[in-house]
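Trainee: Chain by chain, the residues run as shown.
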Amino acid sequence: MEILNLPFMQHAIIAGILSSIACGIMGSLVVVNRSVFLAGGIAHAAYGGVGLAFFLALPPLPCIIGFSTFMAFLIGALTLRKRQRLDAMIGVLWALGMAIGIILTDLTPGYNVDLMSFLFGSILTVPRSDLIVMFLVDAFVIVTVIYFYKEFLAISHDFEFSKVRGVKVAPLHLLFLVLVALCVVITIRVVGLILIMALFSIAPYISERYSCSLFDMMIKSIILNLFFVFLGLYLSYRFDLTSGATIILVASIFFFLVFGFEACLSFFKGSRFYGGLSDG
Amino acid sequence: MDKRTVIELNHVEFSFNKAPVLMDVNVKILEGDFVAIIGPNGGGKTTLVKLILGLLKPTRGHVFLLGERPEKTSFRTGYMPQYATGEKGFPITVLEVVLLGRLGLTKKGPFFSNADIKKAKEVLGLVGMDGLFKKKVGDLSGGQLQRVLLARALVSDPEILFLDEPMASIDVGGQERLFDLLGRLNERMTIVFVTHDVGLLSKYVKSVICVNQRVYFHNAPEITKDMSRLLMAESCPMELVAHGFPHRVLGKH
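Line by line, the protein sequences are chains Z and Y. This note's numbering puts the first residue of the first sequence at 7, with every later residue one more than the last. This note's numbering puts the first residue of the second sequence at -5, with every later residue one more than the last.
Keep in mind that a hint or two might mislead.
The following label-pair restraints were derived from C-beta to C-beta distances [stated by the list, open to error]: (1) Z:Val42 <-> Y:Lys128: 20 to 30 Å; (2) Z:Ile148 <-> Y:Phe10: 48 to 58 Å; (3) Y:Glu7 <-> Z:Val149: 44 to 54 Å; (4) Z:Tyr216 <-> Y:Ala162: 42 to 52 Å; (5) Y:Arg182 <-> Z:Leu142: 49 to 59 Å; (6) Z:Pro115 <-> Y:Lys102: 45 to 55 Å; (7) Z:Ala105 <-> Y:Arg54: 36 to 46 Å; (8) Z:Ile148 <-> Y:Glu62: 35 to 45 Å; (9) Z:Arg91 <-> Y:Glu7: 20 to 30 Å; (10) Z:Asp93 <-> Y:Asp174: 45 to 55 Å; (11) Y:Glu7 <-> Z:Ile20: 57 to 67 Å; (12) Z:Leu62 <-> Y:Glu7: 43 to 53 Å; (13) Y:Gly36 <-> Z:Arg91: 20 to 30 Å.
Hints listed in this document are in silico derivations from the structure and should not be mistaken for laboratory results. For glycine and all other residues, C-beta sits at the position ideal for the given N, C-alpha and C.
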């Protein structure tokens, strides 16, 4: 295990832990709100911020934060007003953000950004400065979600009822989207867009079925994410594969194993629904 | 004998995509009333309740709830919707759902107070859900879920209780027990409930609102007998009115 002594590996491990926590928490909220597509839209539109940063030769992180927060607000305004055709609107912003990013990098002289490194990230090349920013944003996400836990639970469970109870649903919805955007911003350079979606959706989706509360679901999602990230990292090192893709493959295989196992179990129990399993 | 007006709608109109749902609604409900909102499916019953609660904005006219704009006062009411919008698989326990009904009264921060928890358990006992506090809501039967939603509406000690189709998945015996409970609650709060089944008007009901695009309010205690006769005639009271046949039950207001 001498690889653990290598600084780039230590950085990768810390980045993995920080991403797992942020994505476990926000992913749970995204999944119970049935907003995976929405989160995907914000994540991919954030790529426009990457292009903007390179084009204007600005420090990338603040630029990406600004751009994706703007996208989050735009999507938020659309979700709150016109609910019809919302999915199509998100699709437009999704594509537009990415196109802006690519065009801007095309127009940037002398610098050729590798698109793949943003899609799948490069967890093995995380600089220390990124870790510090990741840590700060992680802390911000954790504290905010804990502070507004009751309200987030309420609007996720029953939006209209929360409104009747006087919960400020519109600002909270925007806050939720901004938190998703922040998660994306921090993890985009480290693990990539595609891995964010995997950490956002796979672990929370499995956890939801075995959790009796949202908090429980968040904790289980974090643990599962950690398991996926570290097993994936180890395998990618061992077999010299792209780390991000290996992590996703591990998570997806686990995902299908769980469902295969549940299907077998319910087949032998003769029950038609999986629902009963989530009881324990 | 001067009772406070708790709900008031003045010339309220509501259209959805330019199609009128409710037209020229004028209703005044006094404190302590027990109101049944009846009418055919799609007639605008739920829309009326959502307008009163501020969940929908009237296209025209004004709504006053407890003397102010509904957005300001809706937290002083209890609302039991037809369905909880949260899906079946949502990871939440019975006790947690009821606790969410304390929002607007409880303190800031992540936790509910012990007083909130005590109150939540108390109302769960009241609706006959003792010992099921830790059960996941998705595993409940339809009738149990409705009792949980009723407890959630009651846990804030509301001044007005709104119930949308509370009898939908409850058997006849359960309906009677629920009405007895509502009758007792009516001693300390105004009750407004929606039903599409005119046969469900019980002895506790004090007045009736009939909704079918237009809204008629009738304040009469002997409504039960009249309504059952209308039911047996198998015609919606609204049709009688709409076609210009005056009817005692739905006399001019």
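Trainee: Each hint: holds or not?
Mentor: The hints, checked one at a time:
1. For Val42 (chain Z) and Lys128 (chain Y), the Cβ-Cβ distance of about 29 Å falls inside the hinted range of 20 to 30 Å, so the restraint holds.
2. For the pair Ile148 (chain Z) and Phe10 (chain Y), the supplied restraint of 48 to 58 Å is violated, since their beta-carbon distance comes to about 41 Å.
3. Judged by the Cβ atoms, the range 44 to 54 Å given for Glu7 (chain Y) and Val149 (chain Z) holds: they are separated by roughly 46 Å.
4. A C-beta distance of roughly 31 Å is found between Tyr216 (chain Z) and Ala162 (chain Y), which places it outside the suggested range of 42 to 52 Å.
5. Between Arg182 (chain Y) and Leu142 (chain Z) the CB atoms are about 51 Å apart, so this pair conforms to the stated range of 49 to 59 Å.
6. Restraint check, Pro115 (chain Z) to Lys102 (chain Y): a C-beta distance of roughly 52 Å satisfies the suggested window 45 to 55 Å.
7. Take Ala105 (chain Z) and Arg54 (chain Y): their Cβ atoms lie about 43 Å apart, and the range 36 to 46 Å holds.
8. The hinted window of 35 to 45 Å between Ile148 (chain Z) and Glu62 (chain Y) holds, with their beta carbons roughly 38 Å apart.
9. Between Arg91 (chain Z) and Glu7 (chain Y) the C-beta distance comes to about 26 Å, which sits within the given range of 20 to 30 Å.
10. Separated by about 47 Å at the C-beta atoms, Asp93 (chain Z) and Asp174 (chain Y) satisfy the suggested range of 45 to 55 Å.
11. Hint check: Glu7 (chain Y) to Ile20 (chain Z), Cβ distance near 60 Å, so the stated range 57 to 67 Å holds.
12. Against the hinted window of 43 to 53 Å, the Cβ-Cβ separation of Leu62 (chain Z) and Glu7 (chain Y) comes to about 51 Å, which satisfies the hint.
13. Checked against the hint of 20 to 30 Å, the pair Gly36 (chain Y) and Arg91 (chain Z) passes, with Cβ atoms roughly 24 Å apart.
Consistency note: the structure conflicts with the earlier hints numbered 2 and 4.
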